[in-house]
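J.: Those protein sequences? They're chains Y and G, same order as listed.
So for the first sequence, the working numbering puts the first residue at 1; every next one is plus one.
So for the second sequence, the working numbering puts the first residue at 1; every next one is plus one.
Keep in mind that the hints were calculated from the coordinates and are not lab data.
Please note that a few of the clues may not be correct.
Calculated lysine-lysine pairs in the BS3-like style (CA-CA distance at most 25 Å, straight line) [unchecked claim]: (1) G:Lys-380 <-> G:Lys-336; (2) G:Lys-80 <-> Y:Lys-68; (3) Y:Lys-74 <-> G:Lys-28; (4) Y:Lys-391 <-> G:Lys-28; (5) G:Lys-68 <-> Y:Lys-28; (6) Y:Lys-43 <-> Y:Lys-74.
Here are some chain G residues the structure puts well away from chain Y; computed CB gaps all over 12 Å [unchecked claim]: (7) Lys-28; (8) Asp-61; (9) Arg-126; (10) Asp-186; (11) Ser-204; (12) Asp-207; (13) Asp-251; (14) Ala-311; (15) Lys-442.
Values in this document were obtained by computation on a predicted structure and should not be read as measured data.
Glycine included, C-beta positions come from ideal geometry on N, C-alpha and C.
Protein chains: 2
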Amino acid sequence: NDAPKKAKKEKAGKKGGGGGKRLPKIAKGARDFGPASMVVREKTFKIVTDVFKRHGAESIDTPVFELKETLTGKYGEDSKLIYDLADQGGELLALRYDLTVPFARYLAINNVGNIKRYHIARVYRRDEPSLTRGRYREFYQCDFDIAGQYSSMMPDAEVCKVVTEILDAVPIGPYQIKISHRKLLDAMMSICGVPDEKFRTICSSIDKLDKEPWEAVKKEMCELKGLDEAVADKIEQWVVKKGRPFEVLEDVKGTELAAHPAAKVALEELALLFEYLDGMQCLDKFDFDLSLARGLDYYTGLIYEAVLLDASIGVGSIAAGGRYDDLVGMFKGGGKQVPCVGVSIGIERILAIMERLHGGSTRTSHSQVLVASAGGSMVKERFRVCAELWKAGVCAETVHTAKPKMQKQLERALDAQIPYMIVVGEDEVEKGVVKVKTLSTKEEVTLSRSEYVDVLKKWIAAEPMKEEE
Amino acid sequence: NDAPKKAKKEKAGKKGGGGGKRLPKIAKGARDFGPASMVVREKTFKIVTDVFKRHGAESIDTPVFELKETLTGKYGEDSKLIYDLADQGGELLALRYDLTVPFARYLAINNVGNIKRYHIARVYRRDEPSLTRGRYREFYQCDFDIAGQYSSMMPDAEVCKVVTEILDAVPIGPYQIKISHRKLLDAMMSICGVPDEKFRTICSSIDKLDKEPWEAVKKEMCELKGLDEAVADKIEQWVVKKGRPFEVLEDVKGTELAAHPAAKVALEELALLFEYLDGMQCLDKFDFDLSLARGLDYYTGLIYEAVLLDASIGVGSIAAGGRYDDLVGMFKGGGKQVPCVGVSIGIERILAIMERLHGGSTRTSHSQVLVASAGGSMVKERFRVCAELWKAGVCAETVHTAKPKMQKQLERALDAQIPYMIVVGEDEVEKGVVKVKTLSTKEEVTLSRSEYVDVLKKWIAAEPMKEEE
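My request is simple: use the sequences and hints to build the entire structure.
T.: Okay, structure coming up:
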């Protein structure tokens, strides 16, 4: 949220004169993005989109609001964070809370049985904003999902690979992806003797192990949630298991967990996945971590969450997802299920880091040529030259001052890092020429009206600005 | 709103079996966009964005909702179409109705005195949806505005030029831009003897002259709105004036209107603008039309509206805008005004035409290579090859079937118009090679694992797919 450079920080609203109106406010937890932010944001979105496209993903878009009933019963406790629209007659609507439920609704409505799609769009949560934690009420998500009946773990492996490609492509430091399986967690609970009705709440205690020591989590489980201490101790022997994927698999082999029917299937799936990730040369980015729980109810298989390793750069999850095979079916009565697996990139955290590390000095406009008056007005002539450049696809501008001083025009070109200047005056018009200055070298050449556009285009093509996409 | 090709039109919700749930609905007046629509939409947005960038415009973004009070009193009668958010405690919010008021609010809050910016985003109106007229409740606008104190008509001329460049760039047929001046209209009313309190309502009658004959409009003015018939007759002599800009200027010269002080200034401004548009080689696209009124209250000077000439392609305004010098000041008490001029491109109508004329046969994914198994599973090996291609920036995919038949893989490549196929089998792995097929020519070559990526990259670079951006 950059304050534009040209802005002077006068508090207009507080001045005594006339109106006395308050300055307008922006909604809590929402942000304006000025040109400097937008350059970083667009560049980052392009990096992400390029990865999605490289994997053959198609793009879809859905409305910012859904029928209230579409969102109901999908988010558990977090449903209270949904933004409702006012009842103004007609349908009851709410702003989308994520891109996953609208995707499932899209698949159900349009009877799409298989698709590999990405969706980059804003979602809305009436959460308590926290600028330091990068939590807003309106924020972008970048989702990549594969829907359809496919061979075991093949789509899952590709989604995992996509996460690594994105996190490798955005320069935000080293990361690790924790990976586990929802059925493994359920089996763990079961063999440790956690009562069925406590599965969810004990899960959310376990999920805190990345921030709190075991003793604190155990205390919460036993004292706050009434878990038997012997059960908690049994849980401990499992949730501390984490590390290199194949090593943890080996570690679990032959144990009570490996013998549990559902866990056995989950471990076989994970073993297959690790093979595939090894084939894709990215297994080193993954840790098999039995303490990973993930909050959302709709996951049915694989789950994963990426975190940055350098806490000085940023903390918390920067990408997360998993398999959700039953969500589409919630929308389709007698219809068949559409199994899905996907990931949501926490792009706002990545953007905050990108802006901090890489923002600031970038150009915010694309002008390559400033068309200047040598003296006097020359407005019509300047516009004529601009139009010739625009027609040729060259980014050009002229100052919107009828009789500009050369000094002002030069300042504008230097401020905006515009590399070339074309100067037109009465003399040049008469002779059918223009003067072209290269501002970095201060070289000046006189070119005929018939050739200057082509010459400039060649110069520009030979030296593309690094800010250009 | 394309139904994805793979979709089978079975009505899942109407089947008898089990659940009996209704299929979910989408909000009235809103749309899903499938991959084929998205290709056309993204292509069109890029054309528009390229024009904006060519003119050195910067990009900004604002939240989808504003404080209710920010939107209050800006849209006149149309305020009833604003979507309010429910009062869930905290601020009262509403969805943005256009991009102009949020832009003015942005300028006021951030104390931006001058900026040339574009903004492509969705706006929301609780209007009666009309699919045939391309009217939706959620739709995109593409706005380009220049804010700041500049020499007369220079920013105005550039905005007009931008409109012509965009409408020339999107292949939707011939168009014309009607142009006039708000102050001229007010002066016309005044000298004809329209009472002050009837200015607005008579204006909106005049605005119908593009769809209705003079007699119908006169009847509305006199019978419905109680205008004196002599006054109506006087109006007629003015509003019928339209045509080539300099000719209409000439026509008006020496008349009562030209002598009116405010009209005199407006005519001088228009004369200057026409000179500039002539310099920019686009004056032929403009008609000076004294019947142009434009609904919104906030215009203070130049107004314009672009229409398609070929009614078989589409009807109605496809771009409109004008000068609004007082809007930012509505947000700033004692602060100084920030004069603005801008245009809003009616991109949904353009998109509807583009989809009709140019949609359908485009590719929706970017895959250039399908990595196939020669027989047996080869999943890990296929993923390994994919990963090598992805790393090199090549768009590649493999079918997510553990033991795919060659025929199925070939069908996928042909369906998705993927030009190359890499085939790996036990034999190839052993020899350290891959087979590369060019599907259009059915040629097949065997390449070593160390060279195939570079060879494919060269082939792809030499023959870029026309669907690529």
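J.: State the violated hints by number, sorted upward, taking the hints as numbered earlier in the document.
T.: 1, 4, 6, 7, 8 and 9
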